[in-house]
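S.K.: The primary structure of each chain is shown beneath.
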Amino acid sequence: MSNAMTHHPSRNLRRDVAFPVVGAVLLFGLFLGAGLLYQGLLGGHERLVTFALIDAVIVLGMQIYIGNTGILSFGHIGFGAIAGYAFALSAISPVEKLKRVSDAPFGLVDVQLDPWTSIAVAVVVVVLVAAVVGVGLARSGAESGAVSATVITLALLFVTHELARNWPDLTGGDRAGLSFRIGGALDTRVPIYLALFGTILVARLFAQSRAGRLAVAAREDNLAARAMGVNPLVQQMLGLLLSVAVVGVGASLRVYEKGSILPGDFFFNLTLVTLVMLIVGGRRSVTGALLGVGVITAGRELARRLGQDGFEIFGIGLDDAPLDWIFRENLKTVFLGSAMLAFMIWRPAGLLDDWELDRWLRSRFGRRRSEQPTTPPVVEFDDTDALVVREVDVAFGGFQALRDVSIDAGRHEVVGIIGPNGAGKTTLLNVITGLVPSDSGTVVLGGVDLTGRPSFEIARHGLVRTFQNLRLFSALTVRENIEVSALVAQKARDHQPPDVDALVAAAGLWEVRDRRARELDYGTSRRLELARAAAMSPSFLLLDEPTSGMSDAESTAMIEQVRLMAGVIGAGVVVIDHDLNFITGICDRIYCLDCGHVIAEGTPAEIQADPAVQAAYLGSSAQG
Amino acid sequence: MAELLQNLIDGLGRGSIYALLALGVAVIFGVMHLLNFAHGELITVSGYAAFWALDAGWSWYLVVPLIVLVSVATSLVIERVAFSRVRGADDFTLLLTSFGVHFVVSAIFLLYVSASVKTFSRPGWVTNTFAVGSLRIEVFDTVVIGVTVLALIGTSLLLQRTMFGLALRAAAADFDTARLMGVRSDSVIRGAFALSGALAGIAGIFWLMRAGSTVPSAGVNPMLKGVLAALIGGLGSLRGAVLGGLALGMAEVLLRSRLPDSVASLTEGVVFLLIALLFIFRPQGLIAVAHAERV
Amino acid sequence: MLEVSGLTTRYGEISALRDASLHVGSGEVVGLIGPNGAGKTTLLNSLAGLLEPSEGTVTFDGEDVTGSSPERLLRMGLALVPEHRRIFADLSVEENLRIGGITVPAGRRQPLLDEMAEQFPVLRDKWTTSAGYLSGGEAQQLAIARALMSEPRLLMMDEPSLGLAPVMVDVVFELIASLRDRGRTMLVVEQNATRMLEMADRAYVVRSGAIVAEGTGAELRDDDRLFDTFLGN
Numbered sequence: 001m002s003n004a005m006t007h008h009p010s011r012n013l014r015r016d017v018a019f020p021v022v023g024a025v026l027l028f029g030l031f032l033g034a035g036l037l038y039q040g041l042l043g044g045h046e047r048l049v050t051f052a053l054i055d056a057v058i059v060l061g062m063q064i065y066i067g068n069t070g071i072l073s074f075g076h077i078g079f080g081a082i083a084g085y086a087f088a089l090s091a092i093s094p095v096e097k098l099k100r101v102s103d104a105p106f107g108l109v110d111v112q113l114d115p116w117t118s119i120a121v122a123v124v125v126v127v128l129v130a131a132v133v134g135v136g137l138a139r140s141g142a143e144s145g146a147v148s149a150t151v152i153t154l155a156l157l158f159v160t161h162e163l164a165r166n167w168p169d170l171t172g173g174d175r176a177g178l179s180f181r182i183g184g185a186l187d188t189r190v191p192i193y194l195a196l197f198g199t200i201l202v203a204r205l206f207a208q209s210r211a212g213r214l215a216v217a218a219r220e221d222n223l224a225a226r227a228m229g230v231n232p233l234v235q236q237m238l239g240l241l242l243s244v245a246v247v248g249v250g251a252s253l254r255v256y257e258k259g260s261i262l263p264g265d266f267f268f269n270l271t272l273v274t275l276v277m278l279i280v281g282g283r284r285s286v287t288g289a290l291l292g293v294g295v296i297t298a299g300r301e302l303a304r305r306l307g308q309d310g311f312e313i314f315g316i317g318l319d320d321a322p323l324d325w326i327f328r329e330n331l332k333t334v335f336l337g338s339a340m341l342a343f344m345i346w347r348p349a350g351l352l353d354d355w356e357l358d359r360w361l362r363s364r365f366g367r368r369r370s371e372q373p374t375t376p377p378v379v380e381f382d383d384t385d386a387l388v389v390r391e392v393d394v395a396f397g398g399f400q401a402l403r404d405v406s407i408d409a410g411r412h413e414v415v416g417i418i419g420p421n422g423a424g425k426t427t428l429l430n431v432i433t434g435l436v437p438s439d440s441g442t443v444v445l446g447g448v449d450l451t452g453r454p455s456f457e458i459a460r461h462g463l464v465r466t467f468q469n470l471r472l473f474s475a476l477t478v479r480e481n482i483e484v485s486a487l488v489a490q491k492a493r494d495h496q497p498p499d500v501d502a503l504v505a506a507a508g509l510w511e512v513r514d515r516r517a518r519e520l521d522y523g524t525s526r527r528l529e530l531a532r533a534a535a536m537s538p539s540f541l542l543l544d545e546p547t548s549g550m551s552d553a554e555s556t557a558m559i560e561q562v563r564l565m566a567g568v569i570g571a572g573v574v575v576i577d578h579d580l581n582f583i584t585g586i587c588d589r590i591y592c593l594d595c596g597h598v599i600a601e602g603t604p605a606e607i608q609a610d611p612a613v614q615a616a617y618l619g620s621s622a623q624g
Numbered sequence: 001m002a003e004l005l006q007n008l009i010d011g012l013g014r015g016s017i018y019a020l021l022a023l024g025v026a027v028i029f030g031v032m033h034l035l036n037f038a039h040g041e042l043i044t045v046s047g048y049a050a051f052w053a054l055d056a057g058w059s060w061y062l063v064v065p066l067i068v069l070v071s072v073a074t075s076l077v078i079e080r081v082a083f084s085r086v087r088g089a090d091d092f093t094l095l096l097t098s099f100g101v102h103f104v105v106s107a108i109f110l111l112y113v114s115a116s117v118k119t120f121s122r123p124g125w126v127t128n129t130f131a132v133g134s135l136r137i138e139v140f141d142t143v144v145i146g147v148t149v150l151a152l153i154g155t156s157l158l159l160q161r162t163m164f165g166l167a168l169r170a171a172a173a174d175f176d177t178a179r180l181m182g183v184r185s186d187s188v189i190r191g192a193f194a195l196s197g198a199l200a201g202i203a204g205i206f207w208l209m210r211a212g213s214t215v216p217s218a219g220v221n222p223m224l225k226g227v228l229a230a231l232i233g234g235l236g237s238l239r240g241a242v243l244g245g246l247a248l249g250m251a252e253v254l255l256r257s258r259l260p261d262s263v264a265s266l267t268e269g270v271v272f273l274l275i276a277l278l279f280i281f282r283p284q285g286l287i288a289v290a291h292a293e294r295v
Numbered sequence: 001m002l003e004v005s006g007l008t009t010r011y012g013e014i015s016a017l018r019d020a021s022l023h024v025g026s027g028e029v030v031g032l033i034g035p036n037g038a039g040k041t042t043l044l045n046s047l048a049g050l051l052e053p054s055e056g057t058v059t060f061d062g063e064d065v066t067g068s069s070p071e072r073l074l075r076m077g078l079a080l081v082p083e084h085r086r087i088f089a090d091l092s093v094e095e096n097l098r099i100g101g102i103t104v105p106a107g108r109r110q111p112l113l114d115e116m117a118e119q120f121p122v123l124r125d126k127w128t129t130s131a132g133y134l135s136g137g138e139a140q141q142l143a144i145a146r147a148l149m150s151e152p153r154l155l156m157m158d159e160p161s162l163g164l165a166p167v168m169v170d171v172v173f174e175l176i177a178s179l180r181d182r183g184r185t186m187l188v189v190e191q192n193a194t195r196m197l198e199m200a201d202r203a204y205v206v207r208s209g210a211i212v213a214e215g216t217g218a219e220l221r222d223d224d225r226l227f228d229t230f231l232g233n
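Each protein sequence line maps, in turn, to chains E, W and G. Following the working numbering, the numbering of the first sequence begins with 1 at its first residue and continues without gaps. Following the working numbering, the numbering of the second sequence begins with 1 at its first residue and continues without gaps. Following the working numbering, the numbering of the third sequence begins with 1 at its first residue and continues without gaps.
No lab work stands behind these hints, which were simulated from the structure alone. Being a predicted model, the structure only gives us computed values, none of them experimental. Keep in mind that a hint or two might mislead.
Pair ranges (Cβ atoms, derived) [stated by the list, open to error]:
no., chain 1, residue 1, chain 2, residue 2, range
1, W, GLN6, E, LEU108, 37 to 45 angstroms
2, E, LEU108, W, LEU4, 36 to 44 angstroms
3, G, ASP64, E, GLY398, 39 to 47 angstroms
Virtual Cβ for every residue (Gly too), placed ideally from N, Cα, C.
Using the sequences and the accompanying hints, generate a full structural model.
M.R.: Structure follows, in structure tokens:
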């Protein structure tokens, strides 16, 4: 396979566009079908189904962000509030607005746009707000599981709620709100159908897009993603903007269908409902999110009926309509809260985890490339890109981890770094790849000073690493892991990276290419990590204990693997390891570190004969 | 100047309650890495207990310890039923579990106990004020501040001078190594929830006295204040939680007095906005607790 | 005192430790040496209850303690000084020692503290200092003293000389030697094989997750192949 091929090695139109479209059509059909079935055969309330369809749009919007980035946002309904009010203020006729918000600012009373333009306006407004919030989230260091991101979004929810309640001139306040004239609400489902179908499609296409897949990689392992050149903040922002736009559409439809808006419509209760729907089905999958909407809608309805009949059974003659509503409302809340708890305790990944209908269809019916591609040819080494590390000092508190360390490596070489535990080897690698700042010293690659730059930038410049304790994107398949690097390399690296399939084959991973990374055995996982790093087409591969935990046979095989990978991409190698069989077998030169500085340098034979090295490893007798 | 002093005292009065709530949240976060959104429910439940006791003729002298006891008991029950099952789970799961507990408890209450507002009579001195120069100081505020100081001293003594407190601090610093020392995970976590419940109980006494009533959703506001204050202070730092609570109380009072009347009702909204801004610029809170990432 | 048979511990798919068997007799000092990444820490952590072995048995004083929790093992007399020391940096030296003695009856704790102050003058001088300010060597002494507070029957240490300056390494080994002379039973993982072999009664060589050699300190010291095991050939 030559690099002259025009197809993108990591974009597959069938997988990323065709199948998702088909899947979206099917999902839409199934979901709608279920709803219509409930309406027709089971005598279900039409309005319930309508709201379920709208809720699905909102939940899918949330899924786009929460599912792909792993960041728990409590604030999406706050965005919904903003969109809802923007829509209402645009679409409601001036006559109606005069009744509630006669003193509205910016001349909003006189504004009247048709509903579809109003939705567009609402989306634009809310996306702008989201951009600002997104910057804030990025600054706070948002990543999967980060508390600060959740708090910021929660604060947003409260801010919008408070604003809505306490700015009656704009929003009609807490009791009155805004409303369309009687009969002015949405009376057909067609827009909702269109919105839902569009949303399912967009959600799937995003997940399969470059931004979506890089966001998922960052979700799986933020550090490893950055080491592969991914800037998680950019992908998260894109996800946020798209998701908020979708939620904006859903919220507007909700207001339009209901015919009115009140602050309480977009607060804790709706947040709970939508989050539970997302969690129950499986937040990582669009199919799951839809399933969750269905399950929870059914469950709530059941709870409502139970609550309704329940108290009748107890013979309490409650004619009071308001109390009636309270009872029903709260049985539903008990149900929702319990569902949330139950799933968090017993099945946090939800019913479907990350299973997608179209991916399943593709695995059943798609044509697969069956013959293993040939190994790509070895590439000419470009020797101008030398790695020069000079006089690096690092101190952690009072402890001097590295002292005046300098190393050189050329792209034609394999350079080893050895030394006892605690000698500073990994710290050195962390400094070179930007994970740890140095107190002084420089790291220069091909004449470009990379000292202190963020790790994703360093990776894009051509220094890519693997990790001591194995950091794969565990939920992604072998091929998808490697594709992440390839996706980054396409944009970031000057020359075309090798074909992903060819790399998979070269790494001996062809048989397991569709297995998830977390299912692999250890040796295979290590080879995957190596292949993933190679797919970035870097100038240097920096390997941190690639044979740790391997048997002797596996270590020996690793020598060939590393040579092969490096050859295919024309990279130099800097490798830390304790297995001296491996090190002496693969390295051209070796540096030995002890107590943070270089105590010896030379060929494998020289190093093995060096008494200083022997003393460092075996330990010395008492100083006396 | 006088106004500033007035605000200071009012702010301290408010902030003291928030500090107690925040401390309760921080204690649990320290040992379990769990942000307890159900913290407010302790006040709801003990509020209802107080109402029924007062209704049955109990005097406030008995009701005060009752509130604390009920709060502690509720805290332990919630731990046993819900949180014990998600120990060690990732942050996402913990956050949502806590959220779920909040909803279940408040909804069960609403559903099966009572839906309406229950008012009760407050002790007479609650509304008294006295004058110091040109300042009008509420007796209530002085009592709150005084009791809070005592409670903080008590908690500090508990943490610094007892073996239990030592175990709690060690577990918060390094749970696994604490276990290596023989500290039992169950004991220390339950202890943390009990302590958290006691602190919430004391805060609850004053919250309820000030409100003079209780309602099923009574827990939301205290919970929010407690959680936000703990976050402002920097999760993981108990001192930070106290500071965060005081800062929050001050901010609320100062804002309310500074904002023009027309937008006074937006105080809460502005406070939330400020908090969001704080997290954008200083996500680790006021007092940062270092976390190393092992590569 | 301690019998380990066929112990296997996995991290997901990785068998970090395979079929390890060893024993420690009362009063013995036994070393676990070997190259890095060999599985020595995994072995100790499995014995201390921090990791659950998937196969094998551990018997302590005749009782099967396989898979017991750290809290229970400590109460039975098995204490671990963990790798990297893991002292409580925000607590003072005294508090660190105190928590080490949390399982000891209250009346016994103060006499033990006094003993530690006497045995470890370096710690006595920094009694109320926050443990985070201690140097590496001082921290190691604190970690050992903390473990001694629980009056263990078997003291396990994971790489006590790790990251210490040569002078401090001497101090630590002297400390271990004096503990040995007082009859302490110890199981020590060490990177510094030479010193460990000088001090231990017996030692096991661990490599790639398995125990590959066993012998007295003297036997292993004289064995030329030891060097090869470490530096590979």
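S.K.: Checking each numbered hint in turn, tell me which of them this model violates, lowest number first.
M.R.: none
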